[in-house]
Amino acid sequence: MSEQILRSLALASMLALLVAGPACLTLPDSSTDEDTTGQDKFDDPGDSTSTPDTTTAPVPTAYFLFQAADLRSPEWPDAFRDYDLLVCNPSMPPSDLATIRAEMPEVLLIADTNVQDIRLGYHAGNPYFDALTAAFDSSWCIRDFDTGELIGVLGYDGTPGSGVPAWIPLGPSIEALVAFHRDVTMASPWDGFYVDQCTEVYPPWRQAIILEQTLRFDYDGDGNIDRMDDLLVDYATGRARFTQRLREVLGPDVLLVGNAGGHLADPALNGICLEGVGERFTVQQARDILDDAEAVSPGRWIAPLWVTADDCVEATEQLSQEHPGVHYGVVDYFTPSPPNP
Numbered sequence: 037m038s039e040q041i042l043r044s045l046a047l048a049s050m051l052a053l054l055v056a057g058p059a060c061l062t063l064p065d066s067s068t069d070e071d072t073t074g075q076d077k078f079d080d081p082g083d084s085t086s087t088p089d090t091t092t093a094p095v096p097t098a099y100f101l102f103q104a105a106d107l108r109s110p111e112w113p114d115a116f117r118d119y120d121l122l123v124c125n126p127s128m129p130p131s132d133l134a135t136i137r138a139e140m141p142e143v144l145l146i147a148d149t150n151v152q153d154i155r156l157g158y159h160a161g162n163p164y165f166d167a168l169t170a171a172f173d174s175s176w177c178i179r180d181f182d183t184g185e186l187i188g189v190l191g192y193d194g195t196p197g198s199g200v201p202a203w204i205p206l207g208p209s210i211e212a213l214v215a216f217h218r219d220v221t222m223a224s225p226w227d228g229f230y231v232d233q234c235t236e237v238y239p240p241w242r243q244a245i246i247l248e249q250t251l252r253f254d255y256d257g258d259g260n261i262d263r264m265d266d267l268l269v270d271y272a273t274g275r276a277r278f279t280q281r282l283r284e285v286l287g288p289d290v291l292l293v294g295n296a297g298g299h300l301a302d303p304a305l306n307g308i309c310l311e312g313v314g315e316r317f318t319v320q321q322a323r324d325i326l327d328d329a330e331a332v333s334p335g336r337w338i339a340p341l342w343v344t345a346d347d348c349v350e351a352t353e354q355l356s357q358e359h360p361g362v363h364y365g366v367v368d369y370f371t372p373s374p375p376n377p
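Going by the working numbering, 234 is the number at position 198 of the sequence shown; the sequence numbering is gapless.
No wet-lab data here; the hints were simulated from the structure. Check the hints yourself; a few may be wrong.
Across the chosen pairs, the derived CB separations fall in these ranges [to be verified]:
id, residue 1, residue 2, range
1, Pro-208, Ser-373, 29 to 37 angstroms
2, Gln-357, Asp-289, 25 to 33 angstroms
3, Tyr-369, Thr-92, 21 to 29 angstroms
4, Asn-260, Gly-161, 30 to 38 angstroms
5, Pro-196, Met-264, 36 to 44 angstroms
Note that this is a predicted model, so its numbers are computed, not measured. A virtual CB, placed ideally from N, CA and C, is assigned to each residue, including glycine.
Start from the sequences and build out the full structure, keeping to the hints where you can.
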């Protein structure tokens, strides 16, 4: 059977497994190519302990993704004063953080990083991303075994070579990225990190995109063809190791928040975030996920819930009112419809 037929069958099989795969917030450049689809509708309002007011818009307290350009916009600072948590472009210099804190002294500022994608070669001329490209060996990325081309998943548009390079966290790559964050990212006085795409398992939708591009790939740089089964095991182990090493190297006071996209109880993380509560998760499902994560949190509990569809507004507001540390969060690529009068 030809490789093209095998690839098509593999992709069809993987796509059949997709049941609202974890949403993937990324984005040093405010791109909107993340998967924010979901299938579970909010259909259990009876499990609430309070009924949010649907005639006025909720006041969000967390925002993704704050850029340096936001400081130069006419909306600054008034449009951001209600936020107490900003997930930010990690390349922002200390002077930008000082400007934010001068207007919002209590705000928490956490820098975006990613445990599944790495922006090598992006934003040329930006000192931060140039330093990242120099510090992270491209052999640690997933490659097409036959062509040597880097495999991109985030932002993949069907053209081989498109998309942000994907990586699987393994020993050398973990240590290199953790050291980079210690020495370069934390040169700005961040309160911590937002670990994007920090899913407990490697998502089926990402597996499908890899297999669409090639059935023969190398994710560990050893020059051998790797199997998807091995990738899944190494990702699960490596993801946990990455957050553990961040905690060990950066210390107990640095905030670490993982974009879990579902269940994740990781004792290295202060908290997790979910997208699509009320659309992809019911209120009770989200409660159970958050309770498990909070039970192992090593310190201050923080859980931003991102509103990515109109169906999320009521459920997300409800949980933010119920639980201290849970934030009603908005993202830069979606604006909810106005509330009912």
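Going down the list of hints, with the structure as the test:
1. Pro-208 <-> Ser-373: 29 to 37 angstroms: With a Cβ separation near 47 angstroms, Pro-208 and Ser-373 fall outside 29 to 37 angstroms, so the hint is violated.
2. Gln-357 <-> Asp-289: 25 to 33 angstroms: 28 angstroms, holds
3. Tyr-369 <-> Thr-92: 21 to 29 angstroms: 23 angstroms, holds
4. Asn-260 <-> Gly-161: 30 to 38 angstroms: 36 angstroms, holds
5. Pro-196 <-> Met-264: 36 to 44 angstroms: The hinted range 36 to 44 angstroms is violated for Pro-196 and Met-264, with Cβ atoms some 18 angstroms apart.
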